[in-house]
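Trainee: Model the full assembly from the supplied sequences, consistent with the hints where possible.
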Amino acid sequence: MTATPQRHVEIEMSINGVPARHRVDVRTLLVHYIREYERLTGTHIGCDTSNCGACTVLVDGEAVKSCTVLAVQVEGREITTIEGVSGSFNGLSAVQEGFRQCHGLQCGYCTPGMVMAATGLLAVDPDPDEATIRANLEGNICRCTGYQMIVESVRWAAEHPD
Amino acid sequence: MSLVGAKVLRKEDPRLLTGIGTFVDDLAPPRCAFASFVTSSEAHAEIVAIDMRAALAMPGVLGVWTAADFVDYPDLPGGLPDLERPVLARNRVRFVGEPVAVVVAEDRYLAADAVAAVEVEYRTLEAVTTIEAATAPDAPELFERHGSNVVNVVPMMDDLEREMQRCDDRASLHLVNQRCAAVPIEALACLADWGVDGLTLWATFQAPHHLRNSVASWLDIAQSQCRVIAPDVGGGFGSKIVWYPELFLAPLLSKWTRRPVKFAQTRSEAMMQMSHGRDQVHDIEVGFDRTGRIRALRLVISQNLGAYPDPTGLGLATLTSWMAAGCYRIGHVSTSYRNVVTNTTPVAAYRGAGRPEAAYSVERIVDVVARRCGIDPAEVRKRNFIGPSQFPYETHNEAVVYDSGDYPAALEECLGLLGYGQRRIEQADQRNDPDAPLIGLGLSCWLEIAGFGPNGSLEGFGHLASWESAQVRIQPDGSAIVFAGSSPHGQGHETTFAQIASDELGIPFDRIQVRFGDTATVLQGVGTMGSRGVPTGGSAVKVVSGRVLARAKKIAAHLLEASEADLEVNDNAFNVRGSPGKKVSWGDVAWASYQPLRLPPELAAGSLEERLYQESPNFSYPSGAYGCAVSIDPNTGEVTIDAMVLVDDCGTVINPLLAEGQVHGGVAQGIAQALYESVVYNELGQPVTANLLDYLVPSAPDLPGYTAGRVTTLCPNNPLGAKGIGESGSVGAPAAVVNAILDALAPYGVEHLDMPISPEKIWQAIHAADRRGVPEMSTESLSESDAEVVS
Ligand code: FES
Ligand code: FES
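Same order as they appear, the protein sequences are chains L and F. As numbered in my numbering, the first sequence has no gaps in its residue numbers, which increase by one up to the final residue, 157. As numbered in my numbering, the second sequence has no gaps in its residue numbers, which increase by one up to the final residue, 1695.
If you are wondering where the hints come from, they were derived from the structure by calculation, not from laboratory data. All the given hints hold, so there is nothing to weed out.
Here are a few chain F residues that sit away from chain L, every Cβ distance over 12 Å (derived from the structure):
1. Leu907
2. Arg1066
3. Trp1160
DEER-style ranges, computed between Cβ atoms:
4. F:Ala961 x L:Gly86: 46 to 56 Å
5. L:Asp124 x F:Asp1063: 53 to 63 Å
6. F:Pro1044 x L:Val4: 43 to 53 Å
To give an idea of the interface, some chain F residues facing chain L are shown, with a C-beta separation under 10 Å as derived from the structure:
7. Leu920
8. Ile924
9. Ala1091
10. Gly1394
11. Ile1575
12. Asn1595
Just so you know, even glycine gets a beta-carbon here, dropped at the ideal spot from N, CA and C.
Mentor: Here is the structure:
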């Protein structure tokens, strides 16, 4: 087996409102672009089959698994990562504060992805019921919480909009 | 106001919620290189040749190493003679995924390219993946020098045949407790930096000091030159107390390349390389009277250890045998076990580690007894419980003396929260309606052994000792730092330990910081496993804080010219009782504690710092009663969990929010074992569940909501009275779910189905019964027994 010939390209996108321009191997996944070129390490990696959602970010406001996208595919787009989320609860957004209030996290590894997925959900459905929340978080795996407190966290956020 | 028992929000959350937590792979020191492993594609084979020329010629590759480069280093620690695991496979591979060679390259993409370019030639050997195959007469041997795939056998002293024959009836089950994967969402990762002052190893690990001891010894360097740091750790569940080769090799690779070297496992690698759990086969038999009273219990356990005996893996069947009789007063209990190697990923501790297997089997057989006797399962449990006044309760094993409990009270609360009586009536009604879903109710009155701390309880797994340490340091401004030997991975020690310390010291929660996970700053520690964080580590914090307070009172009394006995601590100050205004703040006392001239003669500067290695005289025994209601669509076999009631007794609760979170997480894993998860190998030993597409870790829509209840009996074996809560859910949940499903299928005469119970298995069972023409089970005995429950 021989290695894929490497090609490098220079790309630019906006991450949390700041232009991010790097020369990268064309194979570079968005999640690695965010973590290794921009050094924003809040976006995590939990699998290699697009199942866990730990890598979820917003691309133009929509929740996307950043391990399923090549960095070159989002050239010129607006990316929001967990580091770009904030709000009026002592600096935390309603979703972040909901997770704090309802113990929606334990080890915290899945958490940035959960927060981004929930943020994406509330942007389109500000008042989801339990079943809707569960269905919409289907692509995010948490091994610690058993999900009930995550569902309650998202409900808390819906009830306390920023 | 006491903080112990209060729903305090977590100190760790703000950093984890904003993405500024630090997990190992987040670290990127300058010049950091990346390691990646060539792993075996064969389950059992001889290595004929390894060709790494192409890889070595690739851009960005710093080197490729094989077992031949590590001949000066020992095998991994904790192995058994003749069954040791080499750091890289030497001549022979014994499971798919076993590391064979390691590449270091400039980044992870180049490392992956180079791994793909290494060619390994194998001569395939016949593989065995199950206990049955491994113990067959002509089975291929994994370790010829050992001469058998059976590692060891602990035989039964007495087969209890006489007692069984004296009973009215007997029942037996053959139960498979299937192999599961722990799947912490952060897979294994480490970063080694071998500098002039020695080694720093960052690792996602549950027991950093334990790792430090082993790595230093393996490398033959002084422990003082080996610093291990477990930063934020993304879950563990037992899989991060295992001696993975990557943790030992990374330091050498750093030394040899003179670069920091990082390794971060992909999930597909993790599914094959991180230890698995469970994988026991049980034959359980009980003798019982028509009244449902169980007189004798016999449990024969076979443990699949995977390819290499892991130190914790070797302890699993022991724990199962200890807990074989659960919470029941059974006059005669006998167990045996054997450990067997197979061509599969090594098996080690996974949340519950041997106790879920015990609880599952005894709770399953109790349901069978109930059905045979025509008595409601709740009633049969009540008739067999150890009573609340019978503690300490000596079991069939002298090491196991149950500490305290109130099993009937837990069951009563569970039945109430579940609406058991009402649901039984609905069930009877629905059974007459051919179009209705099948309703089933399942109970699990589980018991486990936790609070690992008594002398000897962890040394067997290679740990230095079984105590847990805590150190309290009062800063000159009166704030406090707690250094904890127990290093968490999601449990929330920063919060619970600060609650305990705050109550003892009278220092506000916000002025207490808990530190752990760094062998350079924390005194010796053991680790977080076996539900020992609060009972052992938390107790250490409580006792050591009390000692510091006693000294602080001496200083305060001296400053106030009052008697110590008259002092009380509130509002962050020492007040003289009955003399309002006569007080000195904690900050003043702390400041004075560093000024020799202001101290009473018996104290020296810096005396508000104290350390403790807390030992426990015995284990703790968390227990509970879980109830599950399911409905099953008979046309598809699909199971819906309508209610999941969780009544726990973990003794003293430090933080109900966190305790409940622990239960939920464990229950999710327990339900997952009952319904979804199973590590599967094909007959060639190839894993067919080696990623998260094929291995079904449930997400939010796959799991129900939970209803929690609580009874509290204190543990007499530690100063907090706490029993531990980390593993409860995974111990209790599987039997509740499986019993509910089999209750729903009772009309079809189905006595048992093995986990995971998929819709397909249920559908097959229903259709097999239809073909057999099983008559509708009489609902008489059920409604009769309802009366006993409801009354
Ligand atoms: S890392 Fe992207 S889905 Fe798992
Ligand atoms: S909090 Fe640990 S994986 Fe979700």
